[in-house]
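Got chain F sorted already, so can you dock chain H onto it with the hints?
There are 2 protein chains.
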Amino acid sequence: MSLVVVGSVAYDGIETPHGRVDRILGGACTYISLAASYFTDVKIVAVVGDDFAREDEDFLSSRGIDLTGLERVPGKSFYWQGVYSADMNDRTTLRTDLNVFADFQPKLPEHYKKQPYLMLGNIQPALQRSVREQMNGLRLAGGDTMNYWIRDYREELLETIRGWDFLLINDSEARQLSGEHNLRRAAHAILDMGPHTLVVKRGEYGAVLFRRDGHFTAPGYMLEQVFDPTGAGDCFAGGFIGYLAEQGVDPAKGAIDDRHLRNAVVYGSVMGSYCCEMFGVERFRTLTRAEIDGRFQEFKAFTGF
Amino acid sequence: MSLVVVGSVAYDGIETPHGRVDRILGGACTYISLAASYFTDVKIVAVVGDDFAREDEDFLSSRGIDLTGLERVPGKSFYWQGVYSADMNDRTTLRTDLNVFADFQPKLPEHYKKQPYLMLGNIQPALQRSVREQMNGLRLAGGDTMNYWIRDYREELLETIRGWDFLLINDSEARQLSGEHNLRRAAHAILDMGPHTLVVKRGEYGAVLFRRDGHFTAPGYMLEQVFDPTGAGDCFAGGFIGYLAEQGVDPAKGAIDDRHLRNAVVYGSVMGSYCCEMFGVERFRTLTRAEIDGRFQEFKAFTGF
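Top to bottom, those sequences are chains F and H.
Residue 57 in our numbering is what sits at position 7 of the first sequence, and the numbering runs on without skipping anything.
Residue 185 in our numbering is what sits at position 135 of the second sequence, and the numbering runs on without skipping anything.
This is chain F alone, in the form it adopts within the complex (with noise of 0.2 angstroms):
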């Protein structure tokens, strides 16, 4: 009963008004992994070079996340470099060295392809429809994508995404896929492209569930300080898909417990507002279900009338 989770393991140097890192563990796959492994066993495709550390590898380990299909090849690990505005509400990337993911095929070894629910990190379509076609037993699948491939990879991404249970994206995303300002509509769009479920991540605002008979929204949790919003979105991800492993959902079974998933949008909301108390993914290294638990009684408390 694991999940799959396939995208970048990367290195970032991030500037953020609170400090500065110039190599800290980082990456799509790497932040969905670690949020979901506070949930469900998680078991990770991606690709490093071979200056990927040790003790990131075992830092990964230590949270139970099965790197077997961590594939390792001569050269350097993905690089991104971006630093963010004094009000973090932007960020300019100064560096993307592609290095050895540009060359990233997903490999899934065998014991994965058995398992039931897959996350889709932001990779190329096709990329992302081959390794859903390697796998025989899913029973949810999903991802997310991003305006690169919206604009540039239309059709490809359409055919990838007409499989997918569920997309998550941001605003400026779904409106740029569907080619609608407003979000009802634009929502209403992206359901008729195949996924049955859309959460539309809205940043520091929170998230909204879209599904054919309704919505569902979770506010943001307010921080006192932000400390380094990487990764936020992608740490929502793997709360969200996370929760929906443990708790064995399975749309097979019958139509999928409205309280599921909306448990699950706000466990991803709490997921990605403790990935922003500290840089990068450093957070993980202390955090606890108990904490996790105790922000989503929070979430109750201050939404709840």
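Heads up, a few of these hints could be off.
Copies of one chain are not kept apart here, so a pair can be met inside one copy or by any two copies together.
[As the list claims (entries may be wrong)] The list that follows gives simulated cross-link-like pairs (lysine to aspartate or glutamate, EDC-like), each with its CA atoms no further than 20 angstroms apart: (1) K303 x E274; (2) K350 x D263; (3) K350 x D308; (4) K350 x D307; (5) K164 x D106; (6) K303 x E206; (7) K163 x E121; (8) K164 x E274.
Hint data in this document are derived by calculation from the structure and do not stem from the laboratory.
Predicted model, so just to flag it, every value in this text is computed and none were measured.
This is chain H only, laid out in the frame that chain F set:
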């Protein structure tokens, strides 16, 4: 048990991507009063010129609004003209003719002075204070302000809001007033200025209620089409204070029930959302309390988990 509302009664020229009107009833006092009139008796204090149309007066009266305090003086009524951007997120003011509003000196009819609820629309802080000082049986008083007063009349504004129970402003105003970018910190700083209740309006993203002992977030209502957002913030205020007046909230008799405050924020959001469905105040010509309560229940449905 009435609510006294002070502010502008005006004519607006509005252009949105959905259409254009050259002259339509508007003004903060108008929007607040119309929204509040679904919950409680409303008495307004405002000034208009001799161009103020009988049909607009009749419309306000038809909603049971007491116009004794609507002063008529020779000259033209306040006129504002603005145009919204294609995505409705920005608006540009094309014209602001204060006209008779430039010399507005709020005068309270005798029977207004003993009323228990007071909502001060966005006018010069000293005028807001003068109104509050004329009231002698207040249970709950508060109001709105704007960037201009925060920047250029800061000391006067601080002296004014010190005596308020609640302050309703938007997020950029909260940041400007407090000097804090982080909303949670900004709220704490503002609660140190006097009001025990702060509501921060965040446009399409909803609103947050802050009190010393915690906060409550309400999302925005996701309309399929935002026809014209003019007045939505004022309608929020009208729904908020109108509902509290309807409930007979009285802090002198003990702490305000948190449930009442939360419901008030949601009713505020409901009124703001209806306001956006048609040009100006048009939606209030047909809106019913049953529709309002229906949307309140919708909020419960799409926020509960």
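Structure-based check of all given hints:
no., hint, in the structure
1, K303 x E274, "neither (43 angstroms within a copy, 33 angstroms between copies)"
2, K350 x D263, "between (23 angstroms within a copy, 15 angstroms between copies)"
3, K350 x D308, "both (16 angstroms within a copy, 14 angstroms between copies)"
4, K350 x D307, "both (18 angstroms within a copy, 18 angstroms between copies)"
5, K164 x D106, "neither (27 angstroms within a copy, 69 angstroms between copies)"
6, K303 x E206, "neither (30 angstroms within a copy, 65 angstroms between copies)"
7, K163 x E121, "within (16 angstroms within a copy, 77 angstroms between copies)"
8, K164 x E274, "neither (43 angstroms within a copy, 41 angstroms between copies)"
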